[in-house]
Each structure stands twice: as structure tokens, then as C-alpha cells.
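Novice: Now for the letters of each chain:
Number of protein chains: 2
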Amino acid sequence: MKNIPIILMGCGGVGRQLLHHIVSCRTLHANKGIHLRVVGIFDSKSFLVVPDVSSMEFNDTFLMNICQIKSNGLSLQTCVESGKSEAFSSPESTKKLTDIAARLAFTLVDCSASSETIGTITQAVNLGCCVVLANKKPLTSSMEEFDNLFLQPRRIRHESTVGAGLPIIASLNRILSSGDTIYRIIGSLSGTLGYVMSEVEDGKPFSEVVKAAQALGYTEPDPRDDLSGMDVARKGLILARLLGHRMDMSSIKIESLYPDKMRPNTMSLKDFLANGLQLLDNDIEERIKKASSNGNVLRYVCVIENSRCNVGIEELPKESALGRLRGSDNVVEIYNRCYKEQPLVIQGAGAGNDTTAAGVLADILDLQDLFT
Amino acid sequence: MKNIPIILMGCGGVGRQLLHHIVSCRTLHANKGIHLRVVGIFDSKSFLVVPDVSSMEFNDTFLMNICQIKSNGLSLQTCVESGKSEAFSSPESTKKLTDIAARLAFTLVDCSASSETIGTITQAVNLGCCVVLANKKPLTSSMEEFDNLFLQPRRIRHESTVGAGLPIIASLNRILSSGDTIYRIIGSLSGTLGYVMSEVEDGKPFSEVVKAAQALGYTEPDPRDDLSGMDVARKGLILARLLGHRMDMSSIKIESLYPDKMRPNTMSLKDFLANGLQLLDNDIEERIKKASSNGNVLRYVCVIENSRCNVGIEELPKESALGRLRGSDNVVEIYNRCYKEQPLVIQGAGAGNDTTAAGVLADILDLQDLFT
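For the record, the sequence lines run as chains A and B.
Quick note on numbering: numbering that gives the first Met the number 0 labels position 321 of the first sequence as 320, and the sequence is numbered without any gaps.
Quick note on numbering: numbering that gives the first Met the number 0 labels position 178 of the second sequence as 177, and the sequence is numbered without any gaps.
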């Protein structure tokens, strides 16, 4: 049985779902000769770790208990049991993790949403550990930090940073390793904006669609977090860097779906919903009409082409995979030497804790050959 | 630099394209710390191998020379150069391969179309080698032979056996290793039949579409090789076994698009094209009309569901990914826990030497962590 030590960062929805998946896959993984041994868990405040990482692990009852405690909003600190677990707070927690990494190769799984983890995970990789990321932030910081993280690229997987569990990164890596040139990637990478664009196409006013999406829980609490395009831009940057483009967030042209004067620091959420949003309806309606008269539709997409990455509304053929998109699925079209006229298309749900955690778990298993 | 010895079986279009890709990717792979060292090549008659597999390799000029010689229809035997290569014929060739496998871990790449390779590749895997298959035959023989081959599943990749280079197998393996249950796979896995079904949908008679497809080189020389559904069934069996279903070709219900009385051993190709084909037009036309009256379209698909695999014409919703398929792309819809209502869809060209060889090369690179 191959024994793979796991340390998890982040106990939000994705992290907890991952622990559930690990526990429910015990038999399946045992049949493949794999045992995932969870030896440590970080939340934003503490690092809970078994006293002896080389031989002990958190058992399944304990892991489910942690999920319960965290979903009740309590701290990991409350889980400490003498002889079974120890808790460390920052900055000791980071030092403890590095100490472990120097002695034991483990897989560090970043399911947090923190921009503070990059230093720790870079150290871990360079000490011989593997890293799996659902957290986009470490991949969207400076090029220098990115380069330092990717000194050992085979030890890193990050499928769930784009399109949740959709096999986008894995497929792009396959294309790249076969020496094929990728000319163009165009993708609808926000389920929320995919839903909004297909609803407005049906003639509904933009403001009403956004308010309905908010009511359905499809958007962030402040829908401007989606409408700004920043989340799509982060995913675009991750894909662009995967293709070898050396760029930062500042190199991406991002079209926000609301003007500067309606920014959160200028206009309250209440005011935006009550008065701001509807001022945007006419412009979107006119753009849809113009596109329609060309036989096209509008999609909010990320386009990577000619070393550039643009994020915003594009007019696309109705009959393309992106043009036919309805609802909240993510769609990515990849144009390369082998898929030149007709793209390689990957489509499916691109959000949700279950599929995100499933992508993380597949990444963990994918790294198994690096463990003895 | 990690040095991966390669032995290639099969010098047809895919094998030769693979050699071209390997040579053209030298710099790319070197930048990733990989060198693919081709030490032996089989054609149907001979095994050409370097005198010392642990230190020598066929250089790029020699590889391109082999491609030239094979595309001119000559034998590998004509490439023997004293001190640089030796040739063995069957049965010594198989013994030589096994001798090498016992001393050196290499990647054996089966780009042949032979049903005779399974014994050799099974021995190689069990001696510690890795195997990459574009050849479907070893995966569609008896369950017992399949089990023996897959005693070490991590050492085997076979992306290009279904949908050429499309990332179908890799994506299914990711889903399976995350413990997700796959309820249903439905796929249009023949570019030829995909083209035929979308053309007849436009109102063209079946017989004319098949004859046009033959004239365009889309079909096998005898189009009945496509219309029988056997090739789709082989791909279906590979997918079904991947999901863990223990079945043989005989367990698959296959709908042939021509009746028994028009089989190649009963009716000549000339007679089939001149007289047989047009007798099939009415039936297809009526089925299309019936489907259309339900708002559906007909597709020739493989369906894997409830431990069964069926291959034939199905009535599918016009607005599904399969229903919207036009032309010769392959499309696979995967329904599982994470993609339950809306499937995970993978679409793109599913045939061609370039994309098939690209899939093989990606598999070879994917196995790199098993080499030291």
C-alpha cells in the first residue's frame, strides 16, 4: 500500500468536501493500492497536526468531526486532543510546516482563498513536497513568485483553479507536452456571467437578470464581484501562464460590466441594485441587437491569443460551442495544430464545492507516482 | 536529463507521425528535462534495434530515414547498418524484446493495428516496462487477457484508442480516481458516422451521403467497415471496461447500418454501392422524420449505462451536445455525480494521424514519473 501524507490548507466548503471525498473513497483507493493519510489541517488561524507525522494520521471520525466543527463556524483549536493532535498559530504554524517538509514528502493541498500561502507552498515544493491548488491566488501573483513556485512543475497540479473539476488544465498540459502549438483559447469561465449573457440574449433586461441571479444565489453577495470580470481575469492569467506567456494581472485588458462610478467604494450595494444597474440595460440591449443582426451572440469570455489575454464581452457565431451555450456551464474552445478549424471543446459545470473537490482529489491521485 | 527508452511497434501513418513529433519536440522536451531515446522499432516483419539498448539510440536522421523508407512501402530490414542497428524476425524478435525488458525499463508504444501484440506488451508491463497504446485490439480481446495486461494499471496509457487525441480516457480516469460514479456515457465516436448522420438529417438520401463520404475518403475503402458499427463497438468496449464493466465484444448490442444479406461475404462492394445501399434510404428517412416529429435527431452512438453497452442509432434531443453535432467531430457526453443534469462534454476531431500521434506522445510524457 502506497501511503501519501496530506496536509490541507483551508476548511471552507471545498476543503471540507475534499475531506468527505477522501473518507468515502477509502475502499476505492485501497483497491488501487493507495492510502491518503491526512496528517495536518490549516484554517485561517491555526495548524492542527498529528504529533508524529511519519506514523500517525487523523482518523476518519476525527476528520468528519472537524468538518462538523468548521461548518459550525468554530476554530480548529477546539479540536485539539492531547496525544492525538497539536495546534500551532502563526507564525509558528508555518515554521512547523517547513520543519515537516524537510523530513517528510507530503502533498500540500491549498483549498484556501488566501493570497498568503504562496511562500509556504513554494518552500514545500522546493523541499520535495507536491502541491495541489484549488486556490487561484498563488498562481496570479507576480511572475517572479510564479517562477519560484514552478521550479519543479511536475510536483504541482491545479486543475480546480479553472473551471472547477473540468479537465481543462490536464488537457492543455497534454497538448503542450505533445509539442502542439496552441493558437487560441476562448472560454466562458464564469457560470454566473454565462447565465447572465444567455438570459439577456432571450430579451430580458440586464438589471433584472442580475437581480434574479443574485436572488438565486448564483452571484457573490455583491454581484459586482462577478460583473467586474476580475475572477475571469485570474483564470485567464492562469491559462495564459500555462501556455508560457509571461504576464501579470496588469497585462490583461478587462472589461467590467459596470462603469467606474458604480464601483463599491463609490456606490453602495443598495444604491447599485436600486438605481445603478438599470442604467446599464440600454447599452447591453443595443449590443445584443447589433450582434444579432450579424447572426452572432454576445458572451463574456476570456480570449488568449497572440501572447495577449483579454477579458470581456465578445460577439461570437451563434453556431459555435460558445454561441450555443445556455445556462451556467463553463465552455472552453481550444484551437491548436490538431484542432485548427474545429476547436477542441470542453464543457460542463464549472463551479460547486463537489466538483471542485473532485478535481483536487483527482490531482492528488495523479501525483501518486512521485511517492514511493 | 531523464532518459526514457522507447520501442515502437508499427510504422504505419500513426507510428511515423509519432517519430516526426518526437524529433520535432527535442528542444521542448529537453527544456522539461526529458530525452526520448528510440532504441527499437517493429514493423509487421522485423524488429530493428540498436546493438546496445542501454547506451545507444537511433539518431534523428536515421529515424526520419526510416519514416521515408516505410512510407515508400519498403521493409525495415533495408535499414540495417552494421554497428548501428540489428534486425530480428519473428519469433526471435519477440524473444529479443523480452530479453531487453528484463534488463531495461522502457516504454513500449503500440501503434500497430495487430491483434498479435497483446502477449508481448503484457510481458513487457509485467517485467517493469510502461506501455502506450494507439492500437485498440489488445484492449478488446478476452477479459482474461485484459486482466493480465492491467495488473499494473499505472504503467499503461491508451488515450488514442478512443477519439484519437481527445482527452477522453484521461478525463474519465480523473473522474474515477476522485470516486465519482459515472452513470452514463454517450458518444459519437466515429467521425464517418457522425458526418453521415448529420448529412442525412439535412434531407440527403443515405445512399448518396455514404457514396459521397467514400469519394471524399472519409470512409474505409469498403464503407461497410464503418457502417457495421464494429469500430464504434471496440471503442465502447474500451470505455465500458475502463468503468469496471467486465464484458466482451459479444456482450455489446451492435446495430449494423446494413442488413446481413448485404454483408461483404454475401454481396460484392460494387453490388452494394450500385444496388444495395439505396434499398436502405427509405428506412433511414422514415426514422429521421419520426425523430424530427418528436423534436429529436438521430445519431449513431455508443451508450454505456447500467452495466450495458449498446451501439447504434439513437434518438437524441436536438439541443444536446450530441444533437447539435455537425460534421465529423467526435462528441462524448459524460453523466456522473458532478455532471448529473448537464453532462461533461468533450468534443473535437476524433481521427487523423497527427492528433492520434499527439495523444500517444502526451501519454509517453505522462508516464515520465515512473522513470528515474
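Keep in mind that a hint or two might mislead.
Which copy is meant is left open, because identical chains are indistinguishable; a pair holds if it fits in one copy or across any two.
With a cut-off of at most 20 Å between alpha-carbon atoms, the simulated SDA-like pairs for lysine to any residue come out as follows [stated by the list, open to error]: (1) K210 <-> S267; (2) K31 <-> N172; (3) K135 <-> S70; (4) K317 <-> R262; (5) K31 <-> T97; (6) K289 <-> R323; (7) K260 <-> L241; (8) K252 <-> S227; (9) K1 <-> Q367; (10) K317 <-> R183; (11) K31 <-> T121; (12) K210 <-> G275; (13) K136 <-> P316; (14) K95 <-> L278; (15) K1 <-> N172; (16) K317 <-> N352; (17) K31 <-> I168; (18) K31 <-> E143.
It is worth saying that the hints were derived from the structure and are not from the lab.
All figures in this text were calculated on a predicted structure; none of them were measured in a lab.
Novice: If a hint holds in the structure, say so; if it does not, say that too.
Specialist: Now the hints, each set against the structure:
Only within a single protomer do K210 and S267 lie at most 20 Å apart by alpha-carbon distance; the minimum there is 15 Å, versus 66 Å between protomers. Taking the shortest Cα distances, K31 and N172 sit within 20 Å of each other only across copies (12 Å), while inside one copy they are farther apart (24 Å). In this assembly of identical chains, K135 and S70 lie within 20 Å of each other by CA distance neither inside one copy nor across copies; the values are 22 Å within and 48 Å between. In this assembly of identical chains, the alpha carbons of K317 and R262 never lie at most 20 Å apart, being 32 Å within a copy and 42 Å across copies at closest.
In this assembly of identical chains, K31 and T97 lie within 20 Å of each other by CA distance neither inside one copy nor across copies; the values are 30 Å within and 27 Å between. Taking the shortest alpha-carbon separations for K289 and R323, only the intra-copy value of 18 Å comes in at or below 20 Å, while the best inter-copy value is 25 Å. In this assembly of identical chains, K260 and L241 lie within 20 Å of each other by CA distance neither inside one copy nor across copies; the values are 34 Å within and 55 Å between. In this assembly of identical chains, the alpha carbons of K252 and S227 lie at most 20 Å apart only when taken from the same copy (12 Å versus 52 Å across copies).
Within a single copy, K1 and Q367 get their C-alpha atoms as close as 8 Å, and across copies as close as 19 Å, so both meet the 20 Å cut-off. When the C-alpha separation of K317 and R183 is checked against a cutoff of 20 Å, the pair qualifies only within one copy, where the shortest distance is 19 Å, while the shortest distance between copies is 28 Å. In this assembly of identical chains, the alpha carbons of K31 and T121 lie at most 20 Å apart only when taken from different copies (19 Å versus 29 Å within one copy). For the identical chains of this complex, K210 and G275 are intra-copy neighbours only, at 12 Å inside a copy versus 61 Å across copies, given an alpha-carbon limit of 20 Å.
Taking the closest pair of Cα atoms, K136 and P316 never come within 20 Å of each other, the shortest separation being 33 Å inside a single copy and 40 Å across copies. Proximity of K95 to L278 under the C-alpha cut-off of 20 Å is found in neither arrangement, the shortest distances being 53 Å within a copy and 77 Å between copies. In this assembly of identical chains, the alpha carbons of K1 and N172 lie at most 20 Å apart only when taken from different copies (19 Å versus 26 Å within one copy). Taking the shortest Cα distances, K317 and N352 never come within 20 Å of each other, neither inside one copy (31 Å) nor across copies (31 Å).
Taking the shortest Cα distances, K31 and I168 sit within 20 Å of each other only across copies (17 Å), while inside one copy they are farther apart (24 Å). Proximity of K31 to E143 under the C-alpha cut-off of 20 Å is restricted to the inter-copy arrangement: shortest distance 19 Å between copies versus 38 Å within a copy.
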